[in-house]
Amino acid sequence: MSTDRHSAAYGLDLAADPPVCCRATTRGGAKTVPWPPDGDARRELARGAAGLAVAAPAASTVVRRLVAPFASARKAARVWASLLDMDLPFPVEAAQCDFAPDGTEDGKACAMASAVRRADLDAFLDEAAAHGAAPSCCDAEALALWDQHLCEAPPAGEGRSALLVHAAADHVTVVRGRGRRLEGVHVLRSAPSALPAERWRMRFRQLAAGAAGGGPVDVWWSGGGVGEGCGLRKALSGEPGLRHETHRGPETFLARALARRATEGRCAGLLPDECLPPAVAGRRRARTRAVHLGVIAVSLLAMALNAALRIRHDAERRSLERQLAEAASAIVRDVPTVPGQEVLQARRALADGAPVRETLREARMPSPRAGQAMELLSGLAGRGVRFYRAAWTPAGIEIAGSAPSPRAVENLPGGWEPDVSVQPQPGGGGCVFRMKGEWPGEP
Numbered sequence: 001m002s003t004d005r006h007s008a009a010y011g012l013d014l015a016a017d018p019p020v021c022c023r024a025t026t027r028g029g030a031k032t033v034p035w036p037p038d039g040d041a042r043r044e045l046a047r048g049a050a051g052l053a054v055a056a057p058a059a060s061t062v063v064r065r066l067v068a069p070f071a072s073a074r075k076a077a078r079v080w081a082s083l084l085d086m087d088l089p090f091p092v093e094a095a096q097c098d099f100a101p102d103g104t105e106d107g108k109a110c111a112m113a114s115a116v117r118r119a120d121l122d123a124f125l126d127e128a129a130a131h132g133a134a135p136s137c138c139d140a141e142a143l144a145l146w147d148q149h150l151c152e153a154p155p156a157g158e159g160r161s162a163l164l165v166h167a168a169a170d171h172v173t174v175v176r177g178r179g180r181r182l183e184g185v186h187v188l189r190s191a192p193s194a195l196p197a198e199r200w201r202m203r204f205r206q207l208a209a210g211a212a213g214g215g216p217v218d219v220w221w222s223g224g225g226v227g228e229g230c231g232l233r234k235a236l237s238g239e240p241g242l243r244h245e246t247h248r249g250p251e252t253f254l255a256r257a258l259a260r261r262a263t264e265g266r267c268a269g270l271l272p273d274e275c276l277p278p279a280v281a282g283r284r285r286a287r288t289r290a291v292h293l294g295v296i297a298v299s300l301l302a303m304a305l306n307a308a309l310r311i312r313h314d315a316e317r318r319s320l321e322r323q324l325a326e327a328a329s330a331i332v333r334d335v336p337t338v339p340g341q342e343v344l345q346a347r348r349a350l351a352d353g354a355p356v357r358e359t360l361r362e363a364r365m366p367s368p369r370a371g372q373a374m375e376l377l378s379g380l381a382g383r384g385v386r387f388y389r390a391a392w393t394p395a396g397i398e399i400a401g402s403a404p405s406p407r408a409v410e411n412l413p414g415g416w417e418p419d420v421s422v423q424p425q426p427g428g429g430g431c432v433f434r435m436k437g438e439w440p441g442e443p
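If you count the sequence shown from 1, position 293 lands on 293 in the working numbering, and the numbers rise without skipping.
Don't read these hints as lab results, they were simulated from the structure.
Accuracy of the hints is not assured; some may be wrong.
For each label pair, taking beta carbons as the anchor points, the in silico distance ranges come out as [what the hints assert, rightly or not]: (1) 371 <-> 308: 21 to 31 Å; (2) 295 <-> 242: 18 to 28 Å; (3) 216 <-> 282: 48 to 58 Å; (4) 74 <-> 231: 41 to 51 Å; (5) 383 <-> 338: 28 to 38 Å.
C-beta atoms are modelled at their ideal positions from N, C-alpha and C, and glycine is treated no differently.
Hey, can you work out the whole structure from these sequences and the hints?
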């Protein structure tokens with residue numbers, strides 16, 4: 001499917017006699033314009049400011065709804081050509097094909113496929129050039145007709161059947177659908193006025209029987225041959241179960257559809273790139289370059305942002321490492337820290353002082369007892385004493401630990417006169433002690 005969007009587009013119905021042209025914009029509806037184009041339209045088309053959409057010959061175009069054997073749209077895109085090849089009367093390699101996603105069915109990916117033989121397409125483009133047309137989009141007639149029908153006459157329900165009859169100058173296209181789904185396309189290669197009534201009724205009965213499923217069928221009419229004296233419509237006047245409606249402006253219906261789909265970027269991609277007008281091809285290359293430059297710009301921006309984040313991360317890391325080294329130095333104190341080993345050194349230093357920290361955590365007593373206890377502990381620590389346990393109550397204090405000598409726990413300052421028991425430390429090198437006493441100054 002062609003994704004080229006045009007702010008303005010012309011839809012040219014070359015199957016009408018004479019050709020019918022409509023101009024549409026993204027901001028407004030379509031209006032009929034003369035063909036060949038006048039000065040402003042000609043200049044707009046010449047410089048590629050507007051697209052020109054045509055429909056490939058309906059009699060030469062194959063339209064099929066394909067269902068892939070799996071749900072993945074990406075996988076399905078690889079097999080659409082193979083699935084379509086089985087339904088084509090000519091090799092898929094000799095055709096210009098388009099595949100438009102069409103939702104899912106029973107959990108399987110679907111697509112609306114359209115194909116036209118390259119030889120027939122080249123002959124059609126030569127005919128278009130003879131009419132002064134250098135198209136930038138080549139759509140599938142049946143898909144454009146059904147899309148415009150859904151736009152102008154949305155179905156009342158998903159189970160409602162409809163037949164769209166488009167009477168062109170040299171053929172009749174019948175599009176069959178249910179709800180919003182297009183189910184089949186049938187083309188009669190005869191001018192509406194030359195089609196025998198009996199042959200038309202027989203063919204239409206077959207199509208209506210397949211569409212109805214036992215219910216009523218809406219029949220919508222479009223095209224230049226559906227005026228008051230339309231023989232096709234008269235031939236069906238006695239058929240039961242049909243409700244006939246005519247689209248507004250039926251003679252411009254296809255041209256409106258082509259122009260609108262071109263502005264929305266939804267035309268079937270049946271025009272090879274090498275057949276694009278030079279101005280349109282130049283604009284497409286410019287858009288491609290702009291997209292590539294945009295991708296490059298976004299990539300460079302992402303790289304710059306990544307570099308900025310890396311610089312900031314490195315600065316924060318260095319700051320954290322510096323703070324860690326300072327914190328470790330404060331814990332380790334006299335021993336120099338080794339880069340990368342700060343945490344290990346700090347853990348070892350903290351493990352050596354664990355009894356002191358445990359003492360401080362347990363020493364939670366309101367002043368002045370807490371101050372007296374801390375003063376005693378600090379004095380003992382200054383003598384090289386280490387503590388295994390320290391606890392106090394309103395009655396007094398109890399301390400256990402190790403000291404370098406018995407003298408370290410004697411003659412305590414602050415009026416302390418506890419009972420102290422001292423024993424040599426196993427293995428030598430100091431002693432262990434236990435002291436228990438009342439608060440100084442207590443009666």
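Status of each hint after checking the structure:
1. 371 <-> 308: 21 to 31 Å: violated, 53 Å
2. 295 <-> 242: 18 to 28 Å: The hinted range 18 to 28 Å is violated for residue 295 and residue 242, with Cβ atoms some 54 Å apart.
3. 216 <-> 282: 48 to 58 Å: With a Cβ separation near 52 Å, residue 216 and residue 282 satisfy 48 to 58 Å, so the hint holds.
4. 74 <-> 231: 41 to 51 Å: holds, 49 Å
5. 383 <-> 338: 28 to 38 Å: Roughly 31 Å apart at Cβ, these two residues keep to the hinted range, so it holds.
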